[in-house]
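Based on the provided sequences and hints, a complete structural model is requested.
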Amino acid sequence: MNARTRLIASIGIPVLLILLVVGAFLWQQRSSAGTTPAPAGTQKLIPMRLALDWTPNTNHTGIYVALKKGWYRDAGIDLQLLPYSASVSPDVLVSSGKADVGIGATEGIVADAAVSQPVVSIAAIIQHNTSALVTLASSGLSRPRDLSGKIYGGFGASYEPAVVGEIIKRDGGTGQFKNVTLDVDAMQALESHRVDFAWVFEGWEVIQAQRAGVKLNIFPITNYGVADYYTPNIIASPNEIKQKPELLHRFMAATAKGYEYARTHAQDAAQILLNANPQGTFPDPGLVVASQEFLSPRYADTGRKWGWQDSAAWHGYPQFIINTGGIVDAGGHPVHSMDFESLYTNQFLP
Amino acid sequence: MEPAKLLVQGVSKVFRDGRKPLDTLAAIDLFVNAGEFVTVIGPSGCGKSTLFNIVAGVDQPTSGIVAIDGDAQGERAGKSGYMPQQPLLLPWRTVEENIMLGLDVRRLPRKKAEREAYELLKRFGLADFAHHYPATLSGGMRQRVALLRTVLFNSSFLLLDEPFGALDALTRLSLQMWLLDLWQTFHSSVLFITHDVREAILLSDRIYVLSARPARVLRVVEVDLPRPRRSEQLALEQAVRLEQELTTLLLKEQQS
Amino acid sequence: MKLRWLAGYGPAFVLGVTLLAFWELYVRAGQISSQVLPSPTAIIQALIEHWDVISIHTMQTLLETVLGMAVAIVFGLILAITLEISRWSRRAVYPLLVISQTIPIIALAPLLLIWFGIDLGPKVFVVALYCFFPIAVACADGLADAEPELINLLKSMHASRWQILWLVRLPGAMPSFFSGLRIAATYGVTGAIFGEYVGAYQGLGIYMQLSVNSHAIVLVFAAILVTAVLSLLLFGLVSLIERIALPWYHGTVIERKLS
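Going down the list, the sequences are from chains U, P and B.
If you count the first sequence from 1, position 64 lands on 64 in our numbering, and the numbers rise without skipping.
If you count the second sequence from 1, position 177 lands on 527 in our numbering, and the numbers rise without skipping.
If you count the third sequence from 1, position 84 lands on 690 in our numbering, and the numbers rise without skipping.
A hint or two may mislead.
To be verified - Taking beta-carbon pairs under 10 Å as the criterion, some of the chain U residues facing chain B (in silico): (1) 83; (2) 205; (3) 212.
What the hints assert, rightly or not - Just so you have them, the derived chain U footprint on chain B, three or more residues with Cβ under 8 Å: (4) 623 to 634; (5) 830 to 840.
Bear in mind the hints are in silico, worked out from the structure with no lab data behind them.
Since we're looking at a predicted model, the values are computed, not measured.
We put the CB at the ideal spot given by N, CA and C, even for glycine.
As structure tokens, this is what we get:
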């Protein structure tokens with residue numbers, strides 16, 4: 001093989017390989033068909049993008065239901081779900097205009113307002129807070145005051161220690177504990193005894209643990225002096241609200257319909273969630289069903305419509321975390337007050 | 351009368367790289383006529399390679415004239431077949447491709463260059479090695495390949511810088527004969543550097559003896575031995591006398 | 607020759623099998639929860655069971671890796687040549703190159719998302735970012751390494767700067783280029799996965815995230831296994847191409863080893 005042939009081969013083989021990979025990829029994409037719904041007939045739909053806050057779970061069910069039932073399409077909306085990104089929060093996507101709406105949390109909304117990149121909560125997905133601190137039943141830590149001096153596996157929020165400390169103090173403990181910021185799944189850390197307690201959601205991790213036969217002691221945070229607040233929320237940017245109120249109305253109408261349906265048809269809704277995502281998203285379908293059955297009645301209180309937010313929930317907890325000094329402005333200085341009424345609105349709810 | 355192949359007049363070279371300027375060459379005068387074999391000998395480090403770089407067009411003289419084929423103004427690079435001390439064969443090219451290197455620089459079409467290279471290899475008995483890589487060759491073979499590369503690029507004027515210095519005595523002898531054969535075939539003009547007096551006497555028509563740094567021409571001698579040269583001629587009385595004379599001269603320069 | 611080549615890998619094979627055996631026994635003996643560290647057999651089983659899903663994510667990540675590396679190679683080569691040609695650019699650009707490698711993805715991610723979106727863009731960018739550096743540096747060093755005497759020889763032939771680059775410097779820099787490429791190939795797949803963390807619909811990184819969130823740790827390990835195999839394949843491919851492109855290099859190296 002002379003020099004010329006060698007040169008051609010060394011460039012040709014990689015190029016061939018790239019073409020092969022691209023070809024195989026495209027062929028696979030076509031044959032796997034996918035679960036993306038085919039676009040509607042000839043109507044002109046307005047595209048809307050929704051940024052998810054996590055991998056698909058039962059907090060999102062109403063949206064998937066509305067998608068499947070074509071209620072967004074009927075409202076003239078082509079809704080696209082943006083997948084969860086570990087490095088970029090929905091808040092950033094929404095405030096930068098990359099997404100029209102997103103899923104957010106009260107803590108995030110308060111923090112965003114402090115650094116002058118506000119987003120507004122336009123609906124509460126779950127009516128009451130379902131967070132809880134948990135310990136392994138085998139640890140013998142059977143009430144919050146036992147957690148004094150123990151190891152907490154958290155997510156690294158600046159106000160976390162204050163909130164957790166408050167819970168322990170309410171039950172009579174000292175409120176001191178060791179705070180570890182985890183990169184791994186909190187339940188994993190708990191089960192391997194690396195941490196003594198963690199913050200989880202009753203609608204997901206707790207059910208997951210129950211299904212796996214892991215016995216837990218559960219301390220819902222609202223039982224221990226933490227003001228009730230909404231989480232998760234549907235968020236939109238102030239810009240979006242100013243410029244596209246009509247679109248948001250239609251969006252919320254379809255979304256509310258989806259959640260109302262999920263409220264009363266837990267099984268069916270769970271199935272829709274399962275089917276809407278590619279295989280492998282939910283290795284344990286039973287968990288989805290169980291979680292949905294827990295959550296469905298909690299989307300809204302009986303007799304109330306889904307999504308409505310009360311002012312009390314927007315004053316109590318946000319003030320609490322601000323008081324911890326953990327909410328900072330763009331320069332890094334703690335803020336001491338905020339106009340809470342601007343953080344939420346019910347104007348788009350049907 | 352046709353102009354000398356190479357004319358060097360009053361060439362000096364001062365290097366100003368470091369803090370102190372380095373006087374390397376001081377007013378060198380020499381010439382090579384068409385078809386002549388001229389050798390330059392001198393003590394080590396006297397600047398012979400610097401002179402070569404200047405003639406080859408790689409470096410410029412601080413003062414003086416260098417004319418190839420009577421042209422003192424034009425670009426000297428490309429006008430000589432320059433062979434530095436190391437064979438410098440490209441390891442990624444076969445023997446045949448290495449020989450073609452000069453023709454590639456001249457942008458000759460591939461097929462033509464290949465044909466010329468192969469012809470040359472055949473003529474000088476190296477056709478069997480055409481597709482070998484340099485790594486598989488002996489030292490003597492590599493020098494031969496380098497010489498062929500030089501000749502293929504420019505057979506009319508050769509600059510050879512101690513090409514046989516690193517070889518053992520027997521290989522050196524066979525290569526010297528091989529070089530003379532090459533020289534006669536192409537009627538080249540050759541400027542040759544060596545520190546080996548016997549080699550100079552064996553190969554050349556004329557010898558320039560350079561002094562130690564800064565180098566100038568100490569002596570020019572004609573070598574009056576009959577052609578074609580044979581190594582036995584080195585035992586002749588005139589050859590021996592010449593050898594002694596030159597060696598003494600060189601020793602003196604070396605020591606000073 | 608084949609037998610000797612295989613025999614060369616014998617010790618590695620034995621070591622590998624031994625480690626796997628210990629691993630398997632460690633988990634089976636209940637020394638560690640299979641929720642934290644599954645056994646090798648469980649991983650292989652899960653991989654086979656879920657292959658239809660995993661293969662889709664694998665193709666995505668492979669595509670991102672391959673495209674990113676292609677960009678890295680082209681950009682790295684051009685950069686190396688630029689650094690070689692201009693002494694000034696060397697001093698100006700080198701520190702920037704080093705800095706480019708120290709930017710954590712976490713800082714870059716929001717920018718990438720906003721500029722490139724969620725499609726192939728950010729992943730190809732991340733792969734290219736982390737792969738171009740070893741290629742560029744190794745190649746630049748190789749280009750600068752050319753023997754000065756050889757350059758002189760080419761100059762005496764009246765070769766232009768570009769001819770010297772094409773005939774001597776570039777081919778001479780190929781062994782260095784390939785060693786840089788080998789390093790890049792090792793990081794390529796991992797880079798693609800990091801890029802997926804910026805945001806993606808599918809890919810091995812996303813698959814691992816999904817599996818972690820669903821507590822299916824065995825699937826995480828299955829994805830890791832696929833990642834490892836892909837990296838090995840890429841590495842092997844680079845070595846193969848090197849063998850084809852530089853037979854002379856290996857000829858001498860092997861001769862020296864055997865003599």
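Do the hints match the structure? See the list:
For the restraint placing residue 83 (chain U) at the interface with chain B, the shortest Cβ-Cβ distance is roughly 5 Å, inside the 10 Å limit, so the hint holds. Taken as an interface hint, residue 205 (chain U) checks out: its beta carbon lies about 9 Å from the nearest beta carbon of chain B, inside 10 Å. Annotation: interface hint on residue 212 (chain U) holds; nearest CB of chain B at approximately 7 Å, less than 10 Å. A stretch counts as covered by a chain when three or more of its residues have a beta carbon under 8 Å from one of that chain; for the segment 623 to 634 of chain B and chain U the count is 0, and the coverage is violated.
As drawn, the segment 830 to 840 of chain B meets chain U at 0 residues by the rule of a beta-carbon pair under 8 Å; below three, the given contact is violated.
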